[in-house]
Structures are given as structure tokens and as C-alpha cells.
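Q: Please model the complete structure; the sequences and the hints are all you need to start from.
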Amino acid sequence: MSNALIKGETGEWEIVIGLEVHAQCLSQSKLFSGASAVFGAAPNEHVSTVDAGFPGMLPVINGHCVSQAVKTGLGLNAKINLHSVFERKNYFYPDLPQGYQISQYQHPIVGEGEIEIDLPDGSTKVIGIERLHLEQDAGKSLHDQHPQKSFVDLNRSGNPLMEIVSKPDMRSADEAAAYVTKLRTILRYLGTCDGNMDEGSMRCDVNVSVRKPGDELGTRCEIKNVNSVRFVHQAIEHEARRQVEVIEGGGEIKQETRLFDTKSGTTRSMRSKEDAHDYRYFPDPDLLPLVLEQSFVDAINDNLPELPDAKKKRFIGDLGLTPYDAGVLVAEKERAYFYEFAVKGRDGKLVANWLLTELWGALNKAEKTLSESPVSAEQLGGLVGLISDNTISGRIAKDVFAEMFATGKDAAVIVDEKGLKQVTDTGAIEKVIDEVLAANPDKVAEYKGGKDKLFGFFVGQVMKQSGGKANPGIVNELLKKKL
Amino acid sequence: MANLTHLTIKAALDGLSKKEFTATELAEAHITAAEAARHLNCFVTETFDHARAQAKESDARYAKGDAKPLDGIPIAMKDLYCTKGIQTTASSKILEGFKPPYESTVSSQMFDDGCVMLGKAALDEFAMGSSNTTSAYGNVINPWRSTAHDKDLVPGGSGGGSAAAVAARIAMGATGTDTGGSIRQPAAFCGIAGIKPTYGRCSRFGIIAFASSLDQAGPTARTVEDCALLLKSMAGHDPKDSTSVNRPVPDYAAAIGKSVKGLKVGVPREYRMDGANPEIMALWDKGVEMMKDAGAEIVDVSLPHTKYALQTYYVIAPAECSSNLARYDGVRYGLRVPGDNLIDTYEKTRAAGFGDEVKRRILIGTYVLSAGYYDAYYNKARKVRKLIWQDFIDAYQKCDVLLTPTAPTTAFAIGENTQDPVTMYLNDIFTVPASMAGMPGLSLPAGLSSDGLPLGLQLLGKPFDEETIFTAGDVLEKAVGFDALPQTLQKAA
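Chains as they are written, first to last, in the numbering used here: chain A, 3 to 485; chain B, 424 to 916.
Misleading hints may appear alongside valid ones.
[As the list claims (entries may be wrong)] Simulated pairs of lysine-lysine, DSS-like, Cα-Cα distance not exceeding 27 Å:
#1 A/K482 - A/K445
#2 B/K771 - A/K142
#3 B/K806 - B/K730
#4 A/K91 - B/K663
#5 A/K127 - A/K9
#6 A/K151 - B/K771
#7 B/K522 - B/K433
#8 A/K91 - B/K803
By construction, these hints were calculated from the structure, which means they are not laboratory data.
A: See the structure below:
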């Protein structure tokens with residue numbers, strides 16, 4: 003149950019949440035200029051005269067960004083609008099060199115859609131998407147470089163953004179966090195946004211209101227620029243409680259924009275509705291309406307990669323994974339792809355176990371990411387293959403794995419070098435059993451006298467003598483016969 | 424040697440290729456004329472040395488026998504066109520000292536074709552005006568003078584510097600931009616020709632924007648044929664301007680010298696307005712007769728929404744300008760007047776940098792786009808604009824071109840019409856409808872008023888059918904035989 007109701011003095015309150023996510027479109031160049039859109043340059047290095055709002059400069063739409071927006075729309079199961087319009091959103095700010103932001107307002111490129119989010123208790127919920135539109139990013143004002151002056155970095159100015167607006171379908175901080183997480187996963191699968199929130203390539207504005215269950219929607223507050231999943235969670239928890247306290251204290255929620263303070267975990271007022279800008283939107287006369295051919299959309303649709311939900315279903319249905327394991331595997335594109343490489347021709351469940359327990363644990367211990375793993379997907383598959391065909395036992399496999407992780411060698415090479423191949427030759431095992439029985443005549447007598455527990459002792463001795471390589475099944479069988 | 428500054432472009436190209444004179448001689452003759460006529464204030468920035476260097480290169484090409492189509496032709500460049508490394512002001516204080524690090528597409532195409540730039544021609548500030556009295560760098564004076572009084576006259580606007588320079592034989596041709604009549608009305612006031620081509624025909628890249636959905640580059644020159652030669656160089660698709668149209672540029676000069684036999688010339692009845700200047704109406708009638716005599720068929724047509732064009736224009740153009748001029752904030756280039764804080768800096772910079780007319784239009788534009796007024800003004804104006812466009816499309820079912828007057832009056836004295844902006848705005852009453860519809864329009868000199876001032880007639884055409892306009896314009900020009908010179912030049916000639 004993710005409908006986390008808040009207990010107030012007057013009863014229970016329901017939280018209603020909608021999110022606006024600004025996702026930077028993966029693209030070499032900006033939305034309306036040829037300047038580089040790559041993160042990490044020195045200030046004002048990636049700026050063209052278009053981005054800097056020079057006189058007479060004109061925007062020209064970047065076709066790749068249009069493809070990326072359509073691809074994202076399709077990934078969100080949304081309607082693609084073949085006719086959309088770029089408008090100007092007018093306001094003054096030093097990091098907005100043109101004095102307006104080119105955005106889409108009345109006619110966005112993508113309409114309604116939906117995604118399924120995965121909640122901590124294993125359940126899922128469908129969240130509606132209101133729209134996705136393309137817009138250019140503003141530059142950055144730097145207020146901490148000089149005691150009196152503010153500096154402006156226009157590298158970000160004109161970067162392509164996809165603003166993805168959800169419907170107010172979320173009812174708890176958990177759901178909102180799951181939504182952001184899932185959205186990020188989908189964008190990464192699609193390759194339309196890198197989802198790196200710490201670099202600002204994904205930023206969230208959170209709309210929160212509270213109401214008594216069943217009531218009309220309450221007045222909402224918008225919390226700007228919440229830049230991690232954890233902060234989204236914190237901001238909602240705090241803001242919802244604040245609103246309940248205000249209302250129960252006899253006050254009224256005013257529609258306003260608020261800022262989240264990451265240090266205190268609280269929100270504070272930024273500007274009220276009365277102070278809100280009148281953006282004077284109007285169609286940008288420098289750009290014609292964006293008209294797409296259905297065939298253009300179809301071609302993108304035909305090349306859409308498999309998305310996490312479909313992949314998860316396939317992992318469960320075709321590879322026999324538990325929903326939990328499948329969910330963990332598909333949560334990150336890299337992880338899912340690693341698994342798919344490793345599982346080729348191998349046992350699905352076994353590969354999942356080895357990936358999620360052994361490799362996972364080793365990577366965590368070594369503080370490495372999956373992409374830095376010394377054991378490749380093929381190598382992990384190779385190891386599982388050796389277990390499946392009885393070349394090595396599961397126990398030996400753990401040693402082999404440790405060696406693989408340390409040296410990067412293939413499992414088969416290690417098994418060969420160290421002679422770890424499992425012994426299944428009954429003659430050889432019989433010989434070891436005979437030796438063990440001969441060396442422990444007293445124990446044999448005790449066992450025959452009724453001390454059944456000693457069977458384990460004999461198994462252990464045989465395994466020890468064989469260096470762990472004897473097939474445990476055969477050892478059991480032969481021992482029973484001999485005793 | 425002929426008086427070089429009185430040649431047409433066509434004749435000058437002929438003389439240059441026959442080596443009757445050099446591009447350097449041609450440039451020097453115009454520089455001398457410009458220096459002698461500095462009181463007209465045609466240029467914000469003179470670029471004589473630049474012209475000399477370009478002329479030298481032209482001469483080298485003529486010597487080698489690989490001259491360009493317009494090699495050595497001295498022109499004036501409206502100071503709305505960004506010219507690389509050369510101050511570009513839009514006649515505004517806010518851009519004083521601004522040297523663009525880029526060249527506009529149109530000017531770059533003209534330089535590639537060998538044009539020689541004498542200077543950056545003055546205009547109404549940011550091309551907002553019909554009299555060239557809103558420039559931050561002083562009024563431009565029309566080389567023509569009235570026989571009725573001795574006051575200095577306006578050259579029209581916004582392209583007053585361009586038109587005055589061409590009329591005063593300072594430049595053989597000039598670039599203009601026409602948003603509501605800024606090429607055609609000054610051409611009429613100064614007794615020269617000028618064409619605003621179809622919206623999308625010339626690239627707007629590097630031309631400082633006034634109202635983006637209306638702004639269109641075009642030439643002024645002393646003959647229709649010279650306009651055709653210049654337009655050929657200026658026109659063309661530009662991937663850097665999304666509103667420029669990708670279709671081949673015809674050889675416009677080939678449309679000169681053709682017959683108008685059977686051509687249907689429409690006469691829109693709504694342009695015959697109450698209280699119109701009878702002299703201008705008579706000239707219009709004369710023009711109609713001339714076209715008929717040349718074999719054209721005269722058709723009565725209706726453009727029913729003409730009466731809304733001006734009001735609609737004064738909603739759309741200011742709306743776009745209020746947004747286009749937001750970038751002049753004193754942060755990155757041009758004027759900055761330091762204030763106590765950011766907002767104060769913005770306010771002080773824009774207060775000092777913009778003139779009254781620009782401020783008025785920014786205010787109007789901001790108002791009509793504001794929440795609560797948007798639908799009543801901006802949205803309604805957009806709808807009316809569509810109707811105006813439809814008027815033309817319907818009219819062109821019945822005719823090939825339209826013949827109208829260019830302006831409702833002759834050039835007026837500097838200082839007149841400045842108290843009441845609406846009277847000033849009425850100057851564009853005949854030019855604005857075609858701008859709103861994006862249709863091409865040419866103005867050519869068609870006679871003199873009783874007080875000795877030039878009067879213009881306007882030919883409007885179908886979208887991208889500038890050729891028919893040139894054919895009709897050439898026929899009318901020859902029938903009119905306009906050969907009057909501005910009084911200031913009569914002694915010289």
C-alpha cells in the first residue's frame with residue numbers, strides 16, 4: 003500500500019503529487035544552434051552567437067533532438083503530435099540572453115501517455131503522462147565567484163530539454179521517487195537522456211497538494227529544481243506535512259513556487275502566484291510549425307529498443323526468474339544488458355543468482371561499478387556453464403570466481419590450470435573411499451553399530467582427500483554401498 | 424566620360440566591362456558625391472576605405488576577365504544588416520559601437536557578387552518609423568525640395584538613408600528591409616524604385632529583427648531593372664533562416680523588356696479611400712490608363728479586409744518587436760548604463776538606449792501579449808491577418824498583379840506628423856496589407872506633385888512571382904518616363 007496517508011489532528015490527509023521533469027536530450031549540439039551541448043566545458047566555451055542572443059541571429063531546429071523527443075514519447079506510450087509549435091516564453095534574466103526561452107506551449111510534440119512504476123512492496127502502479135515538449139535551457143548564473151558580482155555561464159544556454167509533465171497521479175513520496183527512478187530508467191534505455199541528476203541533465207519540479215481522502219484537489223505548491231530521487235522524497239514529505247500543519251492551524255495554502263533547501267530538508271517560499279511572471283507566450287515567428295510525417299514516427303517506432311517492463315516480463319516468462327530478480331536486473335540498462343550477454347545459452351536463474359549475489363557482492367566490496375567489473379558478462383556465463391555441465395561443483399565455482407575476479411582470467415582456464423575439474427570417475431572415487439575407510443576402522447565400526455551421524459564425517463573426509471573435486475552425488479552413492 | 428554617379432547599375436556594369444572606367448573611379452565618384460552631400464546625413468557609418476579596397480579587388484577581377492555579376496557597383500547598406508567587423512547600430516544608441524563578428528547572409532551574397540559598400544545607411548531606429556526621424560544619429564534629409572516651401576523634407580522610412588542616398592546619386596543602389604513599407608514608401612518619397620520581395624525570398628539571417636514574421640530584405644535603385652539585378656544577388660534559400668524558402672532564384676532581369684499584353688492588372692477598389700489626396704488618385708488613374716494602353720487588361724478587384732490591415736499590423740509588429748528587442752539588456756554587447764542592481768541596470772540601459780518610438784512599440788507589444796488582452800488583440804490580429812492574406816489569394820484568381828498608389832502623401836516636412844503617431848502610421852496604409860500577407864510589392868516613381876515632389880505607384884504580385892512585377896513595372900516605368908532630378912542635383916547635372 004503506497005497511499006501513505008498523513009495523520010493530522012483532524013484525521014487523515016492524502017498527498018497529491020505531479021512532477022515536471024526536465025530531461026536534457028542526448029545530443030551533440032544544442033536545440034537551435036550548432037554549438038556543442040556536451041557537459042563539462044570551461045565557462046562560456048560552448049556558446050554560439052545564437053545562444054548568446056546576438057542581433058540578427060536566428061534559431062534553426064536540430065532534427066536529432068526532434069527524433070529524440072519522438073523516441074521518448076513512444077517510450078512513454080504517448081501520442082505523437084505530428085503538428086507542434088515553438089513559442090516564445092518572455093522574461094528578463096541575465097542567463098536568458100534572448101530575453102525569451104523558445105519552448106512549446108499550446109501544441110507540444112508529445113501528448114498523453116503512461117508508464118508503470120515499481121513500488122517498494124513489489125506492486126506496480128500506472129502513472130499518466132500529460133505531455134512532453136521540447137524547449138531550450140537557460141544559461142547559468144554563478145553568484146559565488148565574486149563578492150559583489152554575479153557571473154553568467156552560457157554553456158547551457160540553448161541546450162535541448164524535454165519537459166515531461168506527469169498527471170497528478172502520485173499519492174506518496176515513495177510513488178514519486180519510483181516515478182523518477184522509472185522515468186530515468188526508460189530514458190536511459192532509449193538513449194535519449196543520460197539521466198545524470200548530479201550533472202543537472204535531469205531536474206524535477208514537484209507539485210504537491212493535500213486533501214482529505216475523497217475531497218476535491220487542494221491548492222498546490224510547486225517545489226523547483228529538486229535534483230535527486232532522495233531529495234524528491236524528502237521535499238514531498240516535508241511539504242505535505244507543512245501544508246497539513248498550515249491547514250489544521252486554520253491557515254490557507256497559497257499557490258506559490260517554493261525552493262527545497264537540501265541542507266535542512268525543508269522548503270521555503272520563492273514567489274507567490276501574484277508575483278508570477280506573465281510570460282506572454284506567442285508562436286516564435288523565427289520558426290515554422292514543426293510538421294512530422296507519420297512515416298518518420300513509424301521508422302523511430304520500428305527501431306525502439308526493448309524497454310524495462312517488456313524485458314522484465316521476458317526474463318520472468320522465458321528465463322524463469324522471480325519477479326524480484328527480474329526487477330532488479332532491468333532497473334539499470336547496463337545491468338540488464340550484462341545479464342543478457344551472460345545468459346546466452348546458460349541457465350537463466352543460475353546466471354541471475356551469480357550476477358546478483360557473487361558478482362554484485364564482489365563489486366560492492368571492491369567499490370567498483372558493473373562497467374569496471376574484472377569479470378565480463380561472457381566470463382560469468384562461462385563459469386555458470388561449467389557448473390551446469392558438472393565440470394565443477396558450486397563450491398569449487400566460488401573459488402574459481404574469486405580467482406576470476408582477482409585475475410580476470412576465464413573460468414575454464416583457471417579450472418584447467420588448477421586441475422579443479424570435478425571427478426566423476428567412480429573407480430577413482432572408490433579408491434579414495436577405500437583409503438578413508440581403511441584409515442578409520444574405529445569410525446566404521448561405530449557407524450555400523452548404529453551411529454548414522456558419522457556418514458557426514460566420511461563424506462567430508464572423501465571430499466577432503468579429493469581436494470573437493472569429487473562429485474558429491476557419486477561420493478554419497480558409493481559410500482552408502484560400501485558401508 | 425559620363426557623369427558616373429548618374430548611371431544606372433545596368434549601364435555602369437556595361438561601362439566597367441568595356442573598361443570605359445574602373446571600379447575605383449566609380450567608387451571615388453560616389454565617395455566624392457557622398458562627401459558633398461553629408462548634410463543629408465544618409466550614413467550612420469561611412470566605409471569609404473572599405474569601398475576603395477573592394478573596388479580595387481573588383482578592378483583586379485575585371486583585369487583578369489573574371490568579373491562577378493555586380494562587380495564594382497557602389498551601394499549603401501541599410502544599417503540593419505550586420506556587417507562583419509563594421510559598426511552596426513540599427514540607428515539606435517543601444518547598439519552604438521557594436522561590431523558584429525558575422526556577416527548577414529544577404530550582404531555576404533552581395534559582396535560575393537562584387538558589390539562595393541560605401542557606408543551603413545541610416546534608418547528609423549530599429550526600422551520603426553516612416554520618416555527617418557527616429558534615428559539616434561539624426562534625421563536624414565530628402566534630396567528633394569518642395570516648390571511650395573523651403574523646409575527640409577523627410578525621405579520616408581524606415582529606409583530613409585538608403586533611399587536618399589540612391590536619389591542623391593551617392594549610391595547606385597541600396598539594401599532595404601520592409602516590414603510595413605520601409606522599402607516602398609521611402610522609394611516613393613525619394614523618386615526611386617524599390618521592391619519588397621515575397622516573405623521568405625531573402626534570408627533574414629544577420630539582419631537585426633524588428634518584426635520577424637514581416638521583415639523582408641529587398642533593394643532600392645533608380646530603375647526597375649536595377650532592382651531586378653540587385654534582387655537576384657540578394658535572394659535565395661538559407662539554411663540558417665528557417666523561414667527562407669527553398670526554391671530557385673530566377674533571372675529577374677530577364678523579365679525586363681517583355682510585353683504586358685493580356686496581363687490582368689487588378690485595381691483594388693478599397694484603396695480609393697475617402698479624403699485621399701486627389702493628386703495621388705489622379706496619378707493612379709493615369710497609371711491604370713498606361714497599363715491599358717500597353718495592352719494589359721484592367722480588372723476591378725476587392726480586398727475587403729484592407730481597412731483592418733493597419734490596426735492589425737500595429738498589434739502584430741509591436742508584439743514581435745517587444746520580444747525581439749528584449750535581448751538589448753546591456754549585459755553582453757552595446758550600451759550598458761550601470762545601475763544599483765540588475766533590474767536597475769536593465770531599466771537605465773533601456774531607458775537611455777531606446778528612443779521614444781521604440782519604447783512606444785515595446786509598450787504596445789507587451790500590452791497586446793499580456794494575459795487578459797492576448798485574445799482580444801494578438802490572437803484576433805492573427806485571425807484578421809489570415810483574412811487579409813485570403814483577400815489577396817482571392818484577388819489573384821482574377822488578376823496577375825495589382826496596381827495601387829504607394830503612399831497617401833508626398834514627402835512631408837521634418838517635424839510634421841511627429842506629435843500624433845497615428846497620422847504617422849497612416850503613411851503605410853497602402854503598403855502594410857501586402858506586408859501582412861507576405862506578398863511581393865514594387866514601388867516606382869510615376870510623376871511629380873504640383874509642388875514638385877515625387878509620387879510613387881505600387882505593383883503587388885503573387886507569392887514568388889516577382890518576375891511579373893518586374894515586367895509590369897518596367898512597362899509602366901517606360902510609359903511614365905520619369906526623369907526628374909532632385910532640385911539639389913539639377914545644377915550639378
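Q: With reference to the structure, classify each hint as holding or not holding.
A: These are the hints, each one checked on the structure:
| no. | hint | verdict |
| --- | --- | --- |
| 1 | A/K482 - A/K445 | 15 Å, holds |
| 2 | B/K771 - A/K142 | 24 Å, holds |
| 3 | B/K806 - B/K730 | 14 Å, holds |
| 4 | A/K91 - B/K663 | 22 Å, holds |
| 5 | A/K127 - A/K9 | 23 Å, holds |
| 6 | A/K151 - B/K771 | 18 Å, holds |
| 7 | B/K522 - B/K433 | 32 Å, violated |
| 8 | A/K91 - B/K803 | 20 Å, holds |
Checked against the numbered hints above, the structure breaks only hint 7 and satisfies the rest.
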